[in-house]
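**Q** Top to bottom, those sequences are chains A and B.
Numbering-wise, full-length UniProt numbering puts 437 at position 437 of the first sequence, and it's gapless, one number per residue.
Numbering-wise, full-length UniProt numbering puts 1 at position 1 of the second sequence, and it's gapless, one number per residue.
Check before you lean on any hint, since a few could be wrong.
[What the hints assert, rightly or not] The following label-pair restraints were derived from C-beta to C-beta distances:
#1 B/Phe83 / A/Arg205: 33 to 39 Å
#2 A/Arg205 / B/Leu161: 26 to 32 Å
#3 B/Asn176 / A/Gln310: 54 to 60 Å
[What the hints assert, rightly or not] Straight-line alpha carbon distances no greater than 30 Å define the calculated DSS-like cross-link-like pairs of lysine-lysine that follow:
#4 A/Lys268 / B/Lys159
#5 A/Lys383 / A/Lys162
#6 A/Lys451 / B/Lys90
#7 B/Lys90 / A/Lys244
#8 A/Lys234 / B/Lys159
#9 B/Lys90 / A/Lys421
#10 A/Lys188 / B/Lys159
#11 A/Lys244 / A/Lys187
#12 B/Lys159 / A/Lys191
#13 A/Lys187 / B/Lys159
#14 A/Lys193 / B/Lys159
#15 A/Lys446 / B/Lys90
To be clear, the hints were calculated from the coordinates, so they are not data collected in a lab.
Glycine included, C-beta positions come from ideal geometry on N, C-alpha and C.
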Amino acid sequence: MKHLRLPVVLAASALALTSCAGVGGKEDSGGSGDTSAESTPSGTLNVMGFSGEDEVAQSRISAFKAAYPGVTVKNNKGDFDAQQFLTAVSSGNAPDVVYMARNLIGTYAAKGAIQPLDDCIKNNGIDTGQYREAAMNEVKLKDKTYGIPEFYTVTANLINGKALKSAGVQTADIQTTDWDKLEQTAKKLYKVKNGRPARIGYDPRMPDFFPLWAMNNGAELVKPGGEPNLNDPKAVEALSYAIKLVQVQGGWSNFKTFRDTFDIFGEKNQFTQDQLGVMPIENWYVNVLRDSRKNGLELASTPFTDRQGQPISTLGGSAWVVPKGAKNFDAACKWAKTLTSVETWHKAAEARMQTVAKDKSFFTGLFTGNKTADEEIKAKHLKPTGDAGFDQAINNYYSVLDKAKSLNPSPAGAEIEAAWKNAVGKALGGTATPQAALDQAQSEAKAAFDKASQG
Amino acid sequence: MTATAERVGTDGPAEPVRPDRRGRSPLARQEDRAGWAFVAPWVLGFLIFTAGPMIASLVLSFTDYQMIQSPRAVGLENYRELFDDPRVLKSLSNTFVYAAMFVPLGTIFALLLAMMLLQVGRAGGFFRTAFYLPEMTPAVAAAAMFLLLLNGQQGLVNKVLGWVGINGPNWTTDPNWLKPSLAMVSLWTLGGTVVIYLAALNSVPKQLYEAAELDGAGPVTKFFRITVPMISGALFFTVITNTIAAMQMFDQAYTMFYGPQQKASASEESLVYMVYLFQNAFQFFKMGFASAMAWLLFVIILAITFLQFRIGNRYVYYHGER
Chain A
1 MKHLRLPVVL AASALALTSC AGVGGKEDSG GSGDTSAEST PSGTLNVMGF SGEDEVAQSR
61 ISAFKAAYPG VTVKNNKGDF DAQQFLTAVS SGNAPDVVYM ARNLIGTYAA KGAIQPLDDC
121 IKNNGIDTGQ YREAAMNEVK LKDKTYGIPE FYTVTANLIN GKALKSAGVQ TADIQTTDWD
181 KLEQTAKKLY KVKNGRPARI GYDPRMPDFF PLWAMNNGAE LVKPGGEPNL NDPKAVEALS
241 YAIKLVQVQG GWSNFKTFRD TFDIFGEKNQ FTQDQLGVMP IENWYVNVLR DSRKNGLELA
301 STPFTDRQGQ PISTLGGSAW VVPKGAKNFD AACKWAKTLT SVETWHKAAE ARMQTVAKDK
361 SFFTGLFTGN KTADEEIKAK HLKPTGDAGF DQAINNYYSV LDKAKSLNPS PAGAEIEAAW
421 KNAVGKALGG TATPQAALDQ AQSEAKAAFD KASQG
Chain B
1 MTATAERVGT DGPAEPVRPD RRGRSPLARQ EDRAGWAFVA PWVLGFLIFT AGPMIASLVL
61 SFTDYQMIQS PRAVGLENYR ELFDDPRVLK SLSNTFVYAA MFVPLGTIFA LLLAMMLLQV
121 GRAGGFFRTA FYLPEMTPAV AAAAMFLLLL NGQQGLVNKV LGWVGINGPN WTTDPNWLKP
181 SLAMVSLWTL GGTVVIYLAA LNSVPKQLYE AAELDGAGPV TKFFRITVPM ISGALFFTVI
241 TNTIAAMQMF DQAYTMFYGP QQKASASEES LVYMVYLFQN AFQFFKMGFA SAMAWLLFVI
301 ILAITFLQFR IGNRYVYYHG ER
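Please model the complete structure; the sequences and the hints are all you need to start from.
**A** Shown next, in the form of structure tokens:
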């Protein structure tokens, strides 16, 4: 037994070390110290999940640095990474402020990974009324606010005008109110070569846009309070229709294979290459498409509507949150406030206008979670672009900003999203009917919700 | 064991050495200490970075641990849930199917490459390096590259198949072809196996082939009667290690079908076990459940390896054995 002494000691030490690494970080910090509007933060501010490369980001970072020169900003550039974030928080090395998609906030708040910001908002006099109501709804859970909204994305149909002309389709035919008519339009726009798609007529953007199609048909996938409602008959009907739309355009496998060849961010994108007639897509894409005009892009746009003809949109976007264990709560709070304030967004817009002028291009709008900022920037900077299609698209996006809705936040948000994505995948792949797939998804999501609600 | 030991001198007869209380000579103890010193870095690394986390994960597998709060003991609940979750079974079956494709294919493919390398003479060094280089390529980069190569419509793989009149499938979007495509991507990193086979092939005594030729054996007979038995140790080793690697496959599947590239297959057919484990740990905050999944996989791998040893030992020839 004496021979085992050293290994046993080492093993015990290793276990203690690794256990500490995995389970540590239990201190419950939450806005300690002076966080009032007058306080002067100092020290280091560790930022996570924020690429911060373009002029809009850089100008806002500069605004913060100018306002709080005593704070050293350390930006760990890169997109939000759940594994990196969770391990940092659980090991007691949490960043101070994190940039994450708003649809994640319900889950992270329910698990206690991020802190309520109510004190931050109150003590710093942050006017939450300036932010869009739908964005604020996304950052709340059980009457507590966990994030400060940043960008805001909405959806409209973007149209390849050349495809419409060649197929003899009018822009007005691109609508999502009359499903039968849309199917016929998609068929007209669809082109096939050697048995494979050569142009997709209408891309319903499945599986990602399933919530939009459910909304189109009047279904609410997550009830207020966070309970999943994935197998609502209207959601099943919407999924069945979207799959039918894919089926008449080559079937899922061919459809997606062809779609995967699109060079979405390149000048030779799916519109300039005539690979796509129409797709619903978020507002940021108009900015990407500006440079494609020299490659013959003829852009048009229509709103994405519900079946009653009213423009609708799902809502996306980001927010600033403060994780549990953040060491510089005051600086984090002021960072979130500064980067999303009306004044700072104005600076960002100015920076964008300088880039636009330098590139001899045009401004396609700035869509933030700050309603006041958006309206002032639009009034000040948005001018006719000289391209009617772009003007139409920009207008469609602005017009749907106040109508956009998000899925309700849920403590089981991540599981709900995984469940519906999995269900849509199975239905698209033909391994389950839409009804069976969504029934199973509902069962899984409900179990996760019940468990999350209990704990 | 004898209780005495002798120190061998260079300039005289063997000098008797007094054993210590445990019957070991000072030299033996000195060698013990040196041995421990040499292996200490590895042992420490193993204890801290492998054994420690393994024990921690075993403990966590009996808890509800959401990474932020302290773990809460739940007994066998996570293990019971493993058998209630249909996706555990689905991901496991996907992984088995993938392994069943990759291991035999990988073995045959690597052996063919190694045999070709034997034939190229002086150029062997170049090709050996070329075959091994993909091993150094990050799996994520390789997977991203293969997404382009395996595209059913514009990918190079199907274009090449088209030249010989084969209408290739939609590798990355057809649910039936997702696992074969993963197996193909994994073939990219067979360089290590090729090098092992090459060494084994080089160690086969040439006299055996000469004797067989004198007896009139052809290439096929020589391959199955001499080459395969003589390299069976290497084959057995790589089958076991490749099976373990296949059961733990993550990078390629995650990058190709679940990563941030918006290329998601949106099909359960590509959900391999480790991807589902990762999702549970870092998307659903179910670290306790993920730990239970890890231990289930450990037990499965252990069982498979045990079975492979039971079967393999009957057929494997070890050079050192009599």
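**Q** For every hint, state whether the structure bears it out.
**A** The hints, checked one at a time:
1. Our hint of 33 to 39 Å for B/Phe83 and A/Arg205 holds, since their Cβ atoms are close to 37 Å apart.
2. The given range of 26 to 32 Å is respected by A/Arg205 and B/Leu161, whose C-beta atoms sit roughly 30 Å from each other.
3. A hinted range of 54 to 60 Å for the beta carbons of B/Asn176 and A/Gln310 is inconsistent with their spacing of about 41 Å.
4. The hinted pair formed by A/Lys268 and B/Lys159 meets the criterion: a straight-line CA distance of about 21 Å does not exceed 30 Å.
5. Taking the CA atoms of A/Lys383 and A/Lys162, the gap is about 25 Å. The hint holds against a cut of 30 Å.
6. The suggested pairing of A/Lys451 with B/Lys90 holds, with an alpha-carbon distance near 22 Å, which does not exceed 30 Å.
7. At roughly 27 Å between alpha-carbon atoms, B/Lys90 and A/Lys244 fall within 30 Å of each other, so this suggested pair holds.
8. Distance restraint check for A/Lys234 and B/Lys159: the Cα-Cα separation of roughly 42 Å exceeds the 30 Å cut-off, and the hinted pair is therefore not satisfied.
9. At roughly 16 Å between alpha-carbon atoms, B/Lys90 and A/Lys421 fall within 30 Å of each other, so this suggested pair holds.
10. Simply put, A/Lys188 and B/Lys159 have alpha-carbon atoms about 29 Å apart, close enough for the 30 Å limit, and the pair holds.
11. As the CA atoms of A/Lys244 and A/Lys187 are separated by approximately 11 Å, the hinted pair is consistent with the 30 Å bound.
12. A hinted pair counts as satisfied when its Cα atoms are at most 30 Å apart, and B/Lys159 with A/Lys191 qualifies at roughly 21 Å.
13. For the hint linking A/Lys187 to B/Lys159, the alpha-carbon distance of about 28 Å falls within 30 Å, and the restraint holds.
14. Between A/Lys193 and B/Lys159 the alpha-carbon distance is near 15 Å, which keeps this suggested pair within the 30 Å criterion.
15. For a cut-off of 30 Å, the pair hint linking A/Lys446 to B/Lys90 stands: about 20 Å separates their Cα positions.
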